[in-house]
Amino acid sequence: MNPGTYSIDELMVVTLARAFDNTTRAFNGAVSFIPVCAYLLARKTHAPELVWAASSIAIDAEPAQLGESTLSDSIWDGAAMLANSPFDFWAYAQGGHYNTFAFRGAQIDRFGNVNNSVIGPYDTPKVRLPGGGGMADLGCMIPRIYLWSTTHNPRIFVEKLDFRSGIGWGDGGNHRADLGLPGGPQLCVTNLCVMDFNLESRSMQIRSLHPGVSLDQVREATGFELVLPDGEIAITDAPLDEELRILREEVDPTSERLREFTP
Amino acid sequence: MNPGTYSIDELMVVTLARAFDNTTRAFNGAVSFIPVCAYLLARKTHAPELVWAASSIAIDAEPAQLGESTLSDSIWDGAAMLANSPFDFWAYAQGGHYNTFAFRGAQIDRFGNVNNSVIGPYDTPKVRLPGGGGMADLGCMIPRIYLWSTTHNPRIFVEKLDFRSGIGWGDGGNHRADLGLPGGPQLCVTNLCVMDFNLESRSMQIRSLHPGVSLDQVREATGFELVLPDGEIAITDAPLDEELRILREEVDPTSERLREFTP
Amino acid sequence: MSRMKKTSSIEEAIARVPDGATIALGGLSMNSTPMALVRELVRQGKKDLVVVAIVNGLGVDWLIAGGCVRRVVSGLVSFEGMGLAPNFRKAVEAGSCELEEYSEYLLIARLRAAATHVPFIPTKAGLGTDVIKLHPDTTRLEVDQVSGESYIACTPLPVDVALVHANEADSLGNVRVNPKLVWMDNEIVNAAETTIVSTERIISHRDFLAEPHRTTYPRFMVDAIVEIPWGAYPNSCFPEYTHDTEFYDVYSKAAAQPEKFGEFWEQRITGPVSHTEFMGAQGGTSTLMRIRRTST
Amino acid sequence: MSRMKKTSSIEEAIARVPDGATIALGGLSMNSTPMALVRELVRQGKKDLVVVAIVNGLGVDWLIAGGCVRRVVSGLVSFEGMGLAPNFRKAVEAGSCELEEYSEYLLIARLRAAATHVPFIPTKAGLGTDVIKLHPDTTRLEVDQVSGESYIACTPLPVDVALVHANEADSLGNVRVNPKLVWMDNEIVNAAETTIVSTERIISHRDFLAEPHRTTYPRFMVDAIVEIPWGAYPNSCFPEYTHDTEFYDVYSKAAAQPEKFGEFWEQRITGPVSHTEFMGAQGGTSTLMRIRRTST
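Keeping their order, the protein sequence lines are chains A, B, C and D. Taking this note's numbering, I'd label the letters of the first sequence as residues 1 to 263. Taking this note's numbering, I'd label the letters of the second sequence as residues 1 to 263. Taking this note's numbering, I'd label the letters of the third sequence as residues 1 to 296. Taking this note's numbering, I'd label the letters of the fourth sequence as residues 1 to 296.
Extracted from the complex, chain A is given alone in its bound form (with noise of 0.2 Å):
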């Protein structure tokens, strides 16, 4: 592919790397090769501070190219510290040392919060689906988090979860920060659009359509009604040429981050 022109996984990931700056401290679950991308280009890019713990253990892994797990061993390398995951990544995430964890699930409501548990009622679900993992408890403790999905749909954004794994502003408005929880969802970027969340109610508004996308396209799309933002929708911005060339020759040479869109 030729620089100028892009592919939307690569949009996707650009789009996540210019959220995070030098104050990014942030780690990884599974599956998760869009936001993994997305640090490493910023780190390589504008925000050489920037800390990631490779499945959450391999701090400032620099690994030459990804594998077919964000969990495992293959994207260790290069790491300044392999770090004990009770001991300290439990104690760098409770006390807000990690600040950025991205996350999605098979279903999203308006207000961020997602669902990997269930399709279907809880003891008798059409789909068991594997859980929630660390969302439950890394939604309640980080302060930025964000969202993705690389099939915006409306099984996915939905009205209602059927199971609400992990958090994230819960029943919107104050909902969150009268748990005292900190921060909350902050960006939710999908293969149509840019989303950011109301500053009262919470709930996901629209930030930028990705180029080609009609709001009418995102609204059908989505199982909830979309807030919309004062003035003109924006586009979102194309990658640059060099983040284009850092992205597919340094941070993910063998495009592992395709795994994520459905052939």
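Treat the hints as calculated values from the structure; they're not laboratory data. Hints are supplied without guarantee of correctness; some may be wrong.
Stated by the list, open to error - Only pairs whose alpha carbons sit at most 27 Å apart, straight line, appear in this in silico DSSO-like list of lysine-lysine: (1) B/126 x D/180; (2) B/44 x C/5; (3) A/126 x C/5; (4) A/160 x C/253; (5) C/180 x D/180; (6) C/90 x A/160; (7) A/126 x C/253; (8) D/260 x B/126; (9) D/90 x B/126; (10) B/160 x D/90; (11) D/5 x B/126; (12) D/5 x A/44; (13) C/133 x A/126; (14) A/126 x C/90.
Said to hold, decoys possible - A short list of chain A residues far from chain C (calculated; beta carbon distances all over 10 Å): (15) 83; (16) 159; (17) 198; (18) 207; (19) 208; (20) 211; (21) 221; (22) 225; (23) 228; (24) 234; (25) 238; (26) 254.
Claimed, not checked - Chain D regions said to be covered by chain A (calculated; three or more residues, Cβ under 8 Å): (27) 110–121; (28) 209–216; (29) 219–226.
Where a beta carbon is used, it is the ideal one built from N, C-alpha and C, also for glycine.
Keeping the supplied structure of chain A fixed, place chains B, C and D upon it in accordance with the hints.
Only chains B, C and D this time, still in chain A's reference frame:
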């Protein structure tokens, strides 16, 4: 010194060592030469499975000789594990994996509670002592507590502590069990005698007098009334030649244990 | 006098696990799970196990396929990007296996409460989620009277037998995990009555004395040591070998065809007797070449 | 683009500690205390410090002798078998320094509550003792409603500045404690707003990459790195050197003669400017020869 003759420090070490067995899993704090010698002696004689963590850190240490501190690296040589204090030590101690701890105090009462904090009123102390360190913790966590004192006198064995830094049998009777704490003090070995604790009142009771020591002598040296056993009072068994040889030649060839005896 | 040896055959070690026991599996997802011990549980036909597996996949799936499991206690069971764990999914959907679902940290807190003998451990994890509503007895929502802060009180989760995989051990039961304990194995070992460790190799006690700071579990925390090279296969054992993606592929494909799965299961998993035979059934040397790691 | 360097002179690093701050000292008793940083606090004339020192001796004694301390928060202050800490003892008996006394684990629990943002951490430590009666607000006796078990609720003890000593660091702030973190330093680092690390030596970042499992603190937990060889003297830094018994002897003797202590204090402690001059005043090479460890 020849076999057959022995000194009081040797009698105390040997007596304590015989109280330990293959199920003993012990560690030690500061200024604990007598129990450290006893753990090593027991391990080298009848209890090869005995676990001793030098300074609570160096598990299965085999020091060629002791140093002037039982909390320092001078006794860590030959260990099979150097443990991390909060992550390993406190987990093993709280979980009952360590089951044996020995302490002494500036004051000891009839129930084996100890004071290492102040002499006199707490807020205007006559002597500000070091503090209990881990006594208040380990007294609660460890089921088999052993007490020792190299100077049995009424200033140490008192009717009432000026401050309870560490718990033994608490207020006596079922108090300790009612608090939900495991076990309790087993034995108190001094330079005059060996005491255990009455099974009902949990009050200190003479078990045996050291050779040449009279009951009156012990009573005069004790600030509270001692419980007497049924029948005749035994004489503390003398050390065996082999125990003395191992203690003198292998466990503590430089006689660091004498640091606990005022010259 | 010499000390007791804790080395054991895999058959004897696993014979210590009674039917109905609460067992806990070490490792995380595709990393460092004691798969050889799991296979032996299946081969010995254990029944009604309660399986604590904080973040797991294939280990739980095998135990369910083997009919060993009454209940799974877990935060997540999946094959990550390679899909859902098929037998787990089927059994929970069919109601033939109970699932007691928590999150990762709520389980860590419950294990630590058991390990440290406190009535509960408080955490903010889980606040505002449906996870804590599933088990109000064991993850209780409470409010601190003084600060007014909400927290979840996580009650003790005691474990009968912990099964973990390590790199090195001596015959006395001292164990070394390389490079250090990166997952949550210590939490289950500390909470367990009995701990069985499979190890890539048994090394001399002298090696432990030479580097005592590298020891992960001391001998008194370990009850049985079983030497099994590639004992985590098809999962990884850092830094020696990685998980076998090809195995996951064929396993998932086989599970998708219920009429053929039995044959696959017998041929590849339950049929081989020794671990050597088992590794042979997985492709032998060419598989070992494929999974070995070259960088650390 | 390159990353920020965290290396600092000792003067600049300690200038970050404001009067009245709550500081915490790493190490335990005569092991691994950051004595050079302590001496610089004295030299800069800090006032009204609250000093958290779980198990300590000389560090607290110097700060009190230097007039820096409003309150000591500790489980134990002594010179072990070498006697009581003389200035600590005198100041507490005279009422010129407050003492907030806990036990070791109660302090660990309070620090961990601060580090993990929970309203309290429960423990059975302290039950039935007078220690918990001293501070019913911070170590509250409570009863679990469900199990009926008693416990002590330990409330958060936040720390402004943690001062710890280490063996090796790189200029980015990654730190290595050899052989691993044997004392409770991690507890204070995790609870602290700012962490200042003195280190025996600065090594290259490459050394950390070669053995990442040996890293104790990652760069983002550390705010300043100060290179000070023998920076724990007169205390030990395992496995490099041991504590200096002779120093303890002469210090205790000097403190026993109040009329002469001022001279000793000036000559040996506050007078020397650089750490090199300070080590010279302690006997220089012959002292270094005496304290070096030869076995590990």
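Hints and how they fare:
A hinted pair counts as satisfied when its Cα atoms are at most 27 Å apart, and residue 126 of chain B with residue 180 of chain D does not qualify at roughly 40 Å. The straight-line distance between the Cα atoms of residue 44 of chain B and residue 5 of chain C is roughly 18 Å, inside the 27 Å bound, and the hint therefore holds. A distance of roughly 51 Å separates the Cα atoms of residue 126 of chain A and residue 5 of chain C; the hinted pair therefore is violated under the 27 Å criterion. Of the supplied pair hints, the one linking residue 160 of chain A and residue 253 of chain C is violated, its CA atoms being roughly 33 Å apart against a limit of 27 Å.
Pair hint residue 180 of chain C plus residue 180 of chain D holds up; C-alpha atoms about 11 Å apart against a cutoff of 27 Å. Restraint check: the Cα-Cα separation between residue 90 of chain C and residue 160 of chain A comes to about 25 Å, which is no more than 27 Å; the hinted pair holds. Restraint check for residue 126 of chain A and residue 253 of chain C: satisfied, since their Cα atoms lie roughly 21 Å apart, inside the 27 Å limit. As the CA atoms of residue 260 of chain D and residue 126 of chain B are separated by approximately 24 Å, the hinted pair is consistent with the 27 Å bound.
A distance of roughly 10 Å separates the Cα atoms of residue 90 of chain D and residue 126 of chain B; the hinted pair therefore holds under the 27 Å criterion. Taking the CA atoms of residue 160 of chain B and residue 90 of chain D, the gap is near 25 Å; set against the 27 Å cutoff, the hint holds. The hinted pair formed by residue 5 of chain D and residue 126 of chain B fails the criterion: a straight-line CA distance of about 51 Å is larger than 27 Å. Distance hint between residue 5 of chain D and residue 44 of chain A is fulfilled; the C-alpha atoms sit about 18 Å from each other, no more than 27 Å.
A hinted pair counts as satisfied when its Cα atoms are at most 27 Å apart, and residue 133 of chain C with residue 126 of chain A qualifies at roughly 20 Å. Simply put, residue 126 of chain A and residue 90 of chain C have alpha-carbon atoms about 10 Å apart, close enough for the 27 Å limit, and the pair holds. The non-interface label for residue 83 of chain A is inconsistent with chain C: the shortest C-beta to C-beta separation is roughly 7 Å, within 10 Å. Every CB of chain C lies more than 10 Å from the CB of residue 159 of chain A, the least distance being 16 Å, so the non-interface label holds.
No beta-carbon of chain C comes within 10 Å of the beta-carbon of residue 198 of chain A; the shortest separation is about 19 Å. With 10 Å as the threshold on Cβ separation, the claim that residue 207 of chain A sits away from chain C holds: the shortest Cβ distance comes to roughly 25 Å. The beta carbon of residue 208 of chain A sits about 28 Å from the closest Cβ of chain C, which is more than 10 Å, so the claim that it is off the interface holds. Annotated as non-interface, residue 211 of chain A keeps its C-beta farther than 10 Å from every C-beta of chain C; the closest such distance is 28 Å.
The claim that residue 221 of chain A is not at the interface with chain C holds, since no C-beta of that chain comes within 10 Å of its own (minimum 23 Å). For residue 225 of chain A, the condition that its CB be more than 10 Å from all CB atoms of chain C holds, with the nearest at approximately 22 Å. Remark: the non-interface label on residue 228 of chain A is consistent with the geometry, its nearest Cβ contact in chain C lying 27 Å away (cut-off 10 Å). No Cβ of chain C comes within 10 Å of the Cβ of residue 234 of chain A; the nearest lies about 32 Å off, and the non-interface call holds.
Every Cβ of chain C is farther than 10 Å from the Cβ of residue 238 of chain A; the closest lies at roughly 28 Å, confirming the non-interface assignment. Under the 10 Å C-beta cut-off, the non-interface status given to residue 254 of chain A relative to chain C holds; the minimum distance is some 14 Å. Counting residues of the stretch 110–121 of chain D whose C-beta sits closer than 8 Å to any C-beta of chain A gives 4, which meets the bar of three, so the coverage hint holds. Under the rule that three or more residues need a Cβ within less than 8 Å of chain A, the assignment of the stretch 209–216 of chain D holds, with 4 such residues.
Three residues within the 8 Å Cβ limit are the bar, and the stretch 219–226 of chain D against chain A gives 3, so the coverage statement holds.
The structure is inconsistent with the numbered hints 1, 3, 4, 11 and 15, although it conforms to all the rest.
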